[in-house]
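K.L.:
These protein sequences, in sequence, are chains E and R. The first sequence begins at 1 in the working numbering and counts up one residue at a time. The second sequence begins at 1 in the working numbering and counts up one residue at a time.
Hint data in this document are derived by calculation from the structure and do not stem from the laboratory. Among these hints, one or two may not hold up.
[What the hints assert, rightly or not] Below, in silico cross-link-like pairs of lysine-lysine (DSS-like), each with a Cα-Cα straight-line distance of 25 Å or less:
| hint | chain 1 | residue 1 | chain 2 | residue 2 |
| --- | --- | --- | --- | --- |
| 1 | R | 79 | R | 10 |
| 2 | R | 61 | R | 48 |
| 3 | R | 48 | R | 73 |
| 4 | R | 10 | E | 114 |
| 5 | R | 187 | E | 88 |
| 6 | R | 73 | E | 109 |
| 7 | R | 48 | E | 88 |
| 8 | R | 61 | R | 98 |
| 9 | E | 45 | R | 283 |
| 10 | R | 48 | R | 129 |
| 11 | E | 88 | R | 10 |
| 12 | E | 88 | R | 61 |
| 13 | E | 109 | E | 88 |
| 14 | E | 109 | R | 193 |
| 15 | E | 88 | E | 23 |
| 16 | R | 48 | R | 126 |
| 17 | E | 88 | R | 283 |
| 18 | E | 45 | R | 193 |
[Unchecked claim] Per the computed footprint, the stretches of chain E lying under chain R, defined by three or more beta-carbons under 8 Å from a beta-carbon of chain R, are:
| hint | region |
| --- | --- |
| 19 | 70-78 |
| 20 | 100-110 |
Think of the CB as a built atom: it goes at the ideal place given N, C-alpha and C, for glycine as much as any other residue.
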Amino acid sequence: MITFLGVYKYYDSVPVLQSLSFKIEKGELIFITGPSGAGKTTLLKLIFGSERPDEGEIKVGDFELSRIRQSEIPHLRRIVTFVFQDFKLRQDLTVYDNVALPLLVMGQKERDIKQKVYDTLKNVNLRHKADTLVRTLSGGEQQRIAIARAVITNPRVILADEPTGNLDPDTSRDVMNLFKSVNALGCTVVIATHNPELFKNTAYRVLHLKEGKFLK
Amino acid sequence: MNSALVYAIKSLWSNKWSTLIAMLSIGVCFFIITLIGIGLYNLNIFTKKISNKAALVIYLKNGISQAEIEQFKESLEKKEVFSKIRFISKEDALKEMKELIEPSLIELIGFNPLSDTVEAFIKDDKFNKLEEISKELKNHKYVEDIYYPSNIIYALKILKITIWNLGILILSLLGLSILFIIYATVKNHYWKKGEEIEILKLLGATPSYIRYPFLTEGGLLGLAGSILATASIFLIYFVLYSKETVSYIPAISNLVLPVEVFYLLPSAGLLLGVISAFLALGKIRYQ
Ligand SMILES: Nc1ncnc2c1ncn2[C@@H]1O[C@H](COP(=O)(O)OP(=O)(O)O)[C@@H](O)[C@H]1O
Ligand SMILES: [Mg+2]
Numbered sequence: 001m002i003t004f005l006g007v008y009k010y011y012d013s014v015p016v017l018q019s020l021s022f023k024i025e026k027g028e029l030i031f032i033t034g035p036s037g038a039g040k041t042t043l044l045k046l047i048f049g050s051e052r053p054d055e056g057e058i059k060v061g062d063f064e065l066s067r068i069r070q071s072e073i074p075h076l077r078r079i080v081t082f083v084f085q086d087f088k089l090r091q092d093l094t095v096y097d098n099v100a101l102p103l104l105v106m107g108q109k110e111r112d113i114k115q116k117v118y119d120t121l122k123n124v125n126l127r128h129k130a131d132t133l134v135r136t137l138s139g140g141e142q143q144r145i146a147i148a149r150a151v152i153t154n155p156r157v158i159l160a161d162e163p164t165g166n167l168d169p170d171t172s173r174d175v176m177n178l179f180k181s182v183n184a185l186g187c188t189v190v191i192a193t194h195n196p197e198l199f200k201n202t203a204y205r206v207l208h209l210k211e212g213k214f215l216k
Numbered sequence: 001m002n003s004a005l006v007y008a009i010k011s012l013w014s015n016k017w018s019t020l021i022a023m024l025s026i027g028v029c030f031f032i033i034t035l036i037g038i039g040l041y042n043l044n045i046f047t048k049k050i051s052n053k054a055a056l057v058i059y060l061k062n063g064i065s066q067a068e069i070e071q072f073k074e075s076l077e078k079k080e081v082f083s084k085i086r087f088i089s090k091e092d093a094l095k096e097m098k099e100l101i102e103p104s105l106i107e108l109i110g111f112n113p114l115s116d117t118v119e120a121f122i123k124d125d126k127f128n129k130l131e132e133i134s135k136e137l138k139n140h141k142y143v144e145d146i147y148y149p150s151n152i153i154y155a156l157k158i159l160k161i162t163i164w165n166l167g168i169l170i171l172s173l174l175g176l177s178i179l180f181i182i183y184a185t186v187k188n189h190y191w192k193k194g195e196e197i198e199i200l201k202l203l204g205a206t207p208s209y210i211r212y213p214f215l216t217e218g219g220l221l222g223l224a225g226s227i228l229a230t231a232s233i234f235l236i237y238f239v240l241y242s243k244e245t246v247s248y249i250p251a252i253s254n255l256v257l258p259v260e261v262f263y264l265l266p267s268a269g270l271l272l273g274v275i276s277a278f279l280a281l282g283k284i285r286y287q
């Protein structure tokens with residue numbers, strides 16, 4: 001599903017990612033970990049087309065990200081969604097409107113999406129908050145809305161940046177279970193986290209980043 | 001599409017002061033554009049009427065044969081400076097005269113005092129050759145005398161061209177102003193929605209999805225402004241053509257208002273609005 005081949009990324013000629021080569025299989029759930037500043041977010045941004053590699057090749061599905069045109073990026077984002085560390089939710093809209101947004105962007109009609117939005121909200125246990133304004137909700141609730149928004153279009157890849165960032169352990173476990181359940185439906189999930197608790201005692205693959213390189 | 005319209009109206013409403021000011025300024029610009037346009041249009045009609053009167057009148061010598069007249073007419077045509085050439089025999093001229101003057105008075109003279117004449121209408125763009133041509137024709141062996149319209153008509157022509165050029169310049173400037181007003185208004189609204197737009201891009205919105213509401217907004221601004229101007233023109237038209245005004249200033253009834261204004265103006269507003277908004281958004285870039 002995702003292939004990196006000799007990828008380098010520089011910010012102001014300082015290397016942030018160096019010589020990264022790896023593959024993520026379709027349907028895999030994988031952790032990218034490492035200390036703050038290791039380059040985890042940058043790696044996810046490369047997969048999302050938010051940043052371009054300075055050297056090397058990145059393939060996501062049929063997209064060649066080192067050569068992707070601006071006009072193709074919306075199409076990439078139909079199959080790859082991102083759960084941002086700062087959520088990037090519309091604080092001025094209701095929970096319902098936030099989760100409905102990706103479907104509207106894809107051109108679906110308002111009346112056709114209602115059921116889907118409510119089902120997705122039920123899965124993240126926020127059905128009862130549908131008409132609440134996002135800005136009044138807690139961090140854990142906003143995190144779950146961000147996840148609901150990322151999964152509602154049935155993407156092939158979900159990228160999550162520190163999804164348990166500042167959540168208490170219980171909420172963290174709920175959030176992780178959400179990712180596991182979408183993964184069980186065949187979606188590839190890539191989680192960047194500095195928190196080893198998330199993958200302790202699990203069989204999932206973990207890539208350790210340090211100063212832009214993988215640790216063996 | 002429909003939701004883009006709702007979205008655009010909401011956006012215009014939430015910025016109601018800048019929207020109102022933009023609409024009014026666009027309306028004023030379109031209003032002046034239309035006034036100038038109607039002015040130029042009427043100027044054209046007026047000068048056309050005048051130039052129909054602006055014929056060279058060539059009096060031919062007596063005793064010239066029909067064949068010679070034909071030959072003379074051909075030689076005039078060859079010069080390619082006349083749009084129309086008309087021969088009037090002295091008999092015809094006399095008939096015309098009898099319609100103006102009491103026939104019995106003319107009979108008193110006992111012979112036809114008039115001569116054969118040729119009226120030659122000069123092409124608009126050849127007006128500057130008028131003097132040269134008439135001098136040349138004066139020396140022609142068949143020509144008795146020549147009368148050509150005074151310099152006033154020539155001056156009028158030049159004036160018309162100058163006014164047209166000036167008019168076009170002002171029209172372009174006003175058009176540019178409208179473009180700029182809509183450009184600035186839409187760009188401002190677009191920037192205010194920076195965060196919203198960024199989220200749309202992250203969710204995979206295509207450039208056209210992002211542009212639609214703003215193009216609609218620009219179109220609405222242009223349309224509203226031009227409708228404002230159209231309505232004012234309509235009002236003025238009513239006042240000007242009312243019986244009271246016409247009886248006061250009869251010349252008013254000569255003014256022509258092309259009805260095309262009433263659909264051309266709103267269409268122009270809509271189109272200009274959409275184009276300006278498109279320019280304001282520029283290329284949609286993804287990060
Ligand atoms: N837009 C940017 N401009 C300059 N430097 C950046 C930018 N984004 C990230 N960096 C730098 O790249 C390095 C890796 O950042 P990041 O990928 O956010 O790490 P992580 O997510 O692992 O904490 C850091 O040193 C950070 O300062
Ligand atoms: Mg990070």
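K.L.:
Indicate, hint by hint, whether the structure satisfies it.
P.N.:
Verification of the hints:
{"no.": "1", "hint": "79(R) x 10(R)", "result": "66 Å, violated"}
{"no.": "2", "hint": "61(R) x 48(R)", "result": "31 Å, violated"}
{"no.": "3", "hint": "48(R) x 73(R)", "result": "24 Å, holds"}
{"no.": "4", "hint": "10(R) x 114(E)", "result": "23 Å, holds"}
{"no.": "5", "hint": "187(R) x 88(E)", "result": "23 Å, holds"}
{"no.": "6", "hint": "73(R) x 109(E)", "result": "76 Å, violated"}
{"no.": "7", "hint": "48(R) x 88(E)", "result": "67 Å, violated"}
{"no.": "8", "hint": "61(R) x 98(R)", "result": "22 Å, holds"}
{"no.": "9", "hint": "45(E) x 283(R)", "result": "21 Å, holds"}
{"no.": "10", "hint": "48(R) x 129(R)", "result": "18 Å, holds"}
{"no.": "11", "hint": "88(E) x 10(R)", "result": "23 Å, holds"}
{"no.": "12", "hint": "88(E) x 61(R)", "result": "96 Å, violated"}
{"no.": "13", "hint": "109(E) x 88(E)", "result": "23 Å, holds"}
{"no.": "14", "hint": "109(E) x 193(R)", "result": "23 Å, holds"}
{"no.": "15", "hint": "88(E) x 23(E)", "result": "28 Å, violated"}
{"no.": "16", "hint": "48(R) x 126(R)", "result": "14 Å, holds"}
{"no.": "17", "hint": "88(E) x 283(R)", "result": "23 Å, holds"}
{"no.": "18", "hint": "45(E) x 193(R)", "result": "23 Å, holds"}
{"no.": "19", "hint": "70-78", "result": "holds (count 8)"}
{"no.": "20", "hint": "100-110", "result": "holds (count 7)"}
Of the numbered hints given earlier, the model fails hints 1, 2, 6, 7, 12, 15; all others are met.
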